[in-house]
Amino acid sequence: MKKRLLIRKKLTPLFYSVFFMLLFVNVGFAQVISNSTFNTNITGWNGYVGTTPTASLVSWSSSEGGIALGSLKFVPIAATNRIQSIPSVTPATAGDYLITAKVKGTAATSIQLQFLQSGITRTSGAKVLTGGWDDVSFLATALNTASTGSVRLIAGAASTYYIDDVYFTYVPPITPTITASVTGLSGFNTITANPSASQFFNVSGTNLTNDIVVTTTSTDFELSTDAGFTSTALPITINKGSGTVAVTPIYVRLKSGLSLGTKSGSTISVTSTDANTITPLTLSGNVNSSFYYDGSGLLSDVANWGTNPDGTGSNPLDLLATNTIYFIKNGSASTDALWTLGSGSKVVLGDASSTAVVLTVASTFPITGTLDIAAASSGSNSILWQDSSLPSFGVLHSTSEVHLQPVATATYTFVPSTTTFGKLFIDGLGVVNLGTGVQNIQTSLTVASGSTLGLVFATTSWIYFNTGATATIHGVIKSPKPLGIFNYGVSTPGTGFGSLQFQDASPSLTLGSESTVEYNRSGATSASNQTQVVSTLPIGISYANLTLSEVTSPTYSTAKTIAGPITVTGKLTVSQGIASSTFTTGGN
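At position 412 of the sequence shown (counting the first as 1) the number is 414 in this note's numbering, and the numbers step up by one without a gap.
Please keep in mind that the hints were generated in silico from the structure rather than gathered at the bench. By construction, the Cβ of each residue, glycine as well, lies at the ideal position given by its N, Cα and C atoms. Treat the hints loosely; a few may be bogus.
Distance windows between CB atoms, simulated [as the list claims (entries may be wrong)]:
| hint | residue 1 | residue 2 | range |
| --- | --- | --- | --- |
| 1 | S266 | G572 | 55 to 65 Å |
| 2 | T575 | P311 | 32 to 42 Å |
| 3 | G46 | I122 | 15 to 25 Å |
| 4 | S345 | N209 | 20 to 30 Å |
| 5 | S544 | G344 | 31 to 41 Å |
| 6 | S345 | S379 | 29 to 39 Å |
Taking the hints into account, I'd like the entire structure generated from these sequences.
Pasting the structure below:
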């Protein structure tokens, strides 16, 4: 029977488990030792008594074989007689090699494997045989590529042995690896008396030879393995176990009792000896003082602010300090003066333990600085923004309300350019134009009757509605965007969609009977961007009033395209600005 030369993938449980894994997934590569499968002869191998070649000890057997018939028969006349490959093999890559063979011999006798190279002999332990075909193996370490080497099998007794399928397989080094889930943590905020809310990151490791050590030299931040910070002792040592460390959270927070100001420059090191190097994680945050509005009197009067949550206690020197949080939670209020917050300061409206309050930012009395809106124990905390200046919003709870109510036309370009609203209302007399940027809606957008929302041309600007968020239009909404206004089933918002992008494929969209949707494409600057798409609507939703208009371009006209069926239950107005404009319909 003819046998094939092969690299075996299936090894017995008697092999070292780590090498079993390497071979099984084909990580290593095998070098064939001269005639190592002994298909038809034993050329390249010889027997030895001591250092004397003794050919009579070996012969080819056609009746025995490890996988198929054909093997080397070895009949030593004494223990320590051996067979050896001649000359043998030169490692293709420096490093460790696994020598494997199939051996059959008398039960309870033994055999050893050796590798000889550069005057160094590497020897395995004795493998006790069962009487059947046994798998034997030996890891020869630190071999070089400068010289050839020989494989030996040494008899443990004067007996009869059959040898087959001898392989010499490179074992790639196992690299200890550690990982951290982030490169840094930022946005920690607290007041001087308290630690900040915690954040966490995960560490893990594979093939480890040493424990993972997590530590910091920071005097501003503290670490723990639990969210309750029952222990903040450093360093944190995570036992390597058998070499694998599962995902393990490390919690981080600002300490209590710190001085005011920005806290940056601190790092966290994650190390394990012999493993890869992780760049230290960066940390940053702010420590603030805090004052509370007492719920009565002028907002601009420092006498109405105190250090205690009910507004009593020491008053601030002014309302312009840096790194200060001003809480408005004890009653509704209106701005009565210009208010410019100091660096690192902000206003927080409401508190989860208090009923809802309203902050009116009156026209000509804006707040310059960041505004957060918290949850309320009942109702919704609300900001009525009546000034034409640009608000800057921070964290807005999903139940919070922002009402844009300018007394005249105003363009709002929010800072930061991506703002996530809970509930956004356009419900003032003045037209609200949203500038460039991205607005995310967690809960709802409402355009009230008599109010107008204008959207921008830029493809990088849109409003994105998270799953379940609603849009209710009773007033006017208009957009010059080439791709139109409405898109649905948008899992990843982007430039390839219109002005209002809904994550839901069947969105909660209401166009009231008094609503008007206007496609007012304008500013065409080339023949390639003069078309505007008129959006089709979800089944069961119709346009109440639809206007198709344009602002005349010096060179190019605008083409309106309707790709599918639409229904207008009220008035359709077509007001293309120049005679060469076109209006194209399609669909059914």
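When the structure is checked against the list of hints, which entries are broken? Sort them ascending. 2, 4 and 5
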